[in-house]
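Colleague: Dock chain Y against chain H, hints included.
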Amino acid sequence: MKLTGAQAFLKCLEEHGVEVIFGYPGGALIDVYDELMKNDKIHHVLTRHEQAAVHAADAYGRIKGSVGVALVTSGPGATNAVTGIASAYLDSIPLIVFTGQVPTKLIGNDAFQEVDIVGITRPITKHNYLVKDADDLVPIIREAFHLAKTGRPGPVLIDMPKDVLATRITYPEAKTISMRTYKPTYEPHPGQIEKACQAMLKAKKPVIYAGGGVILSDSNEELTSLARQLNIPVTMTLMGLGGFPGTDPLSMGMLGMHGTYYANMAVANCDLLIAVGARFDDRVTGRIDAFAPHAEIIHIDIDPSSISKNVRVDIPIVADCKNALVAINAWFARSSEFNAKECLEKNRPWHEQIKEWKTKHPLGYVEETDIIKPQFVIQKLHELTGGDAIITTEVGQHQMWTAQFYHFNKPRQWATSGGLGVMGYGFPAAIGAQMAAPDKVVIDIAGDGSIQMNIQELATCKQEKLPVKVAILNNGYLGMVRQWQELFYNKQYSSTVMEVAPDFVKVAEAYGAVGLRATKPSEVEPVIREALKINNTVFMDFVIAREEGVYPMVPAGKATTEMLLV
Amino acid sequence: MKHTISVLLQNKPGVLSRVTGLFSGRGFNIESLSVAQTLEQDVSCLTLVTSGEDTIIEQITKQLHKLIDVIKVTDMCEHDNVEREMALIRVKAEAHTRAEVLRIIDIFRGKVIDVGPKSYVLEITGKASKLQAVIDILRPIGIQEIVRSGTIAMTRAQKS
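Here the protein sequences come in this chain order: H and Y.
Read the first sequence against our numbering and you will find it ends at 566, with the numbers running on by one and no gaps.
Read the second sequence against our numbering and you will find it ends at 1160, with the numbers running on by one and no gaps.
The shape of chain Y in the complex, shown without the other chains:
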């Protein structure tokens, strides 16, 4: 099963390599990864998506926690959370397809962020499944390039 794990860590050189080294050294898998600074300048948030049986996920979270530079590890699957990815898609946009591309991107609430004579660059955010849907629909029109970010996630506000 897929798990999104959020890791707060010290914003210092080499810390990312401790995390990725742990994954490669113990044969765990990283499907996507995203890191940036948090509100606190010396703390980064790393979000990674991995998959495995519960025992593997338990080891992953324990081993992450064991790293001296790691402050907090949260398995987002244990919480109600929101997740997003972003994709930049360069798609062919010629006279007969320009309007259709715009319609599609509008339906998915994406944006055109660069316009060329024969192509658009589109920006789409959403869950992985939504990005996949956009890609599937645009594919027949002609996708020239895709860049996708890793997943980022946040827990939802508590209801009560």
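Excised from the complex, chain H in its bound form:
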């Protein structure tokens, strides 16, 4: 039986177990949307902006551990998707974005709603395709799923001209995908594992530096057992939060620009740094020559180009983090040289040193009785959700406060735009997360600036009846930029004052959602409690201390030991 391209497209999504897609229709996609209406296996979430569709698909994939799918039309639909694609690319999130395209015959003619989206997204996708022949559509989709989720994951874009979607084809049988040019290395080299384990045996001041790769490879358990067995303190990147329990005594929280004092001090003084699925990003390293200057560095990463890109690595291990950690744990399990008690003894002075740093400069803030401190809101959110909510954020101060004060104990309960730093990510991400986990509490922690970048998604929430909660930390500023202006630009608050802002309670109500507000610390808990009870989308507007800063802070370009403290 022959199928149209549009029918084959949906059938191929079903073949890959896709249940939810996020999208926005348009002329070039009308054949697909026509078929979608008849399809009862795939649920289409109509966002109110294509950027939101891509962020939602991104977070859906993160929370579910699968490949998110977004569907947008040609031209402006495709260009609106670009920010979402770039964000997924920088965070290595498996995602497929399907774009409509003008009919093949019109490509290159500057036709209505035509744009060379394959050209535009080349540097921000793992790979991308223009389907020129309808018979290639299904094999390309299969290859795209394979590429998106294997190796170092990432977004793949497939551009589908309108005529391809209307052409009748024979649906090709599934076969195993083998690509001549693409064979990621999953298994670690035994010699490198041996070297790494020997280094761990010797080390007196080791630190594990865990990144998003731990989450992506689902290797949090292996990482946790390694850290506990060898008694190694763990610090995480923004993307790695939840890869190791944040409330574990061995956790030092996040490192880097807004990392904890003790995590940064530990990295600066360690004699062995074990980087797992992390990429030595500038927000982590600070001034590069002062980063872990005394350490031998082990780097586990599936992407060879990540290794020795920014920082020289002594023991590179190209492999899937999980396989590498399994191999390392197995080495210690059979090693006669390893003795857990000795290991504990050997590291004792190091742990005492870290404890001293923790006591000297714990993560904290100055509490006040009459004005709401943003950190207090995060602490309350953590407390009242039992640390178990799925949290998304926008980008800015609220994002860093969340990373510092919501101690994630599990992977896949956290979605933030780490690499690209997209304001407007969190709300659509919360929609994706809630679709992936309907029974979970999902909270977008936002700023009053960034929530306005995709505030129209209130309509999507209503339409899908999603009880997403949004906690707006409202300081009337673009707070992070304001903080830099305060510290480094003579307090000239150029364009960071939000002189005009909507009444967020009324905005929520206008969309049929619920709006709550807290202006005093005593109102924080009741507002959160009430919001959690309401089976509807809720905006919680927390009017917070206006000029509260995020601390510690490593000024850009400085060594991570040169922190500004509370």
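Mixed in with the good hints, there may be bad ones.
Here's a subset of chain H near chain Y, in silico, CB distances under 10 angstroms, partners left out [claimed, not checked]:
(1) Gly119
(2) Pro123
(3) Asn128
(4) Leu130
(5) Leu147
(6) Met179
(7) Tyr182
(8) Asp303
(9) Pro304
(10) Ser305
(11) Ser306
Listed next, the in silico DSSO-like pairs over lysine-lysine satisfying Cα-Cα at most 30 angstroms (straight line) [unchecked claim]:
(12) H:Lys309 with Y:Lys1066
(13) H:Lys183 with Y:Lys1066
(14) Y:Lys1012 with H:Lys105
(15) H:Lys175 with Y:Lys1072
(16) Y:Lys1066 with H:Lys195
Don't read these hints as lab results, they were simulated from the structure.
In this text the structure is predicted, and so the values were computed from the model without any measurement.
We treat Cβ as the ideally placed atom computed from N, Cα and C, and that holds for glycine.
Modeller: Relative to chain H, chain Y alone:
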């Protein structure tokens, strides 16, 4: 240091742009570039010359390898290899210089491939340094136009 990098890639539209985009996007430099089909119809060989410290070259080869359409990346500097470039040179050839041009081109084992009333077009192949030498010697006679190809390279046969 200069490196000649040979890249085998899928012979498909857009692949060259992935390679050049990678260079421009990451601030790497391309000094010369040459691409054509190999024995296999669906595989092209791209030879490029770039320069940079070892860490940069390492990133370049890794990033090239990461491109899905790239089959193989070889840094020719790590191998014993032969390299060639070609130049077409239009040089003034008037009554008193015609013989001299022919002598020079003969010394460099080049060829005259087009003869005009007042000029020759010469074809020279060799390493970049040889082409430069020819150009330097012909310059006083009067070079009107030069077109040079990118470098192409091949590893030498193994000795043992």
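Colleague: Next, verify each hint and record whether it holds.
Modeller: So, going through the hints one by one against the coordinates:
no., hint, in the structure
1, Gly119, "holds (7 angstroms)"
2, Pro123, "holds (5 angstroms)"
3, Asn128, "holds (9 angstroms)"
4, Leu130, "holds (8 angstroms)"
5, Leu147, "holds (7 angstroms)"
6, Met179, "holds (7 angstroms)"
7, Tyr182, "holds (5 angstroms)"
8, Asp303, "holds (7 angstroms)"
9, Pro304, "holds (5 angstroms)"
10, Ser305, "holds (4 angstroms)"
11, Ser306, "holds (9 angstroms)"
12, H:Lys309 with Y:Lys1066, "holds (14 angstroms)"
13, H:Lys183 with Y:Lys1066, "holds (10 angstroms)"
14, Y:Lys1012 with H:Lys105, "holds (19 angstroms)"
15, H:Lys175 with Y:Lys1072, "holds (25 angstroms)"
16, Y:Lys1066 with H:Lys195, "holds (26 angstroms)"
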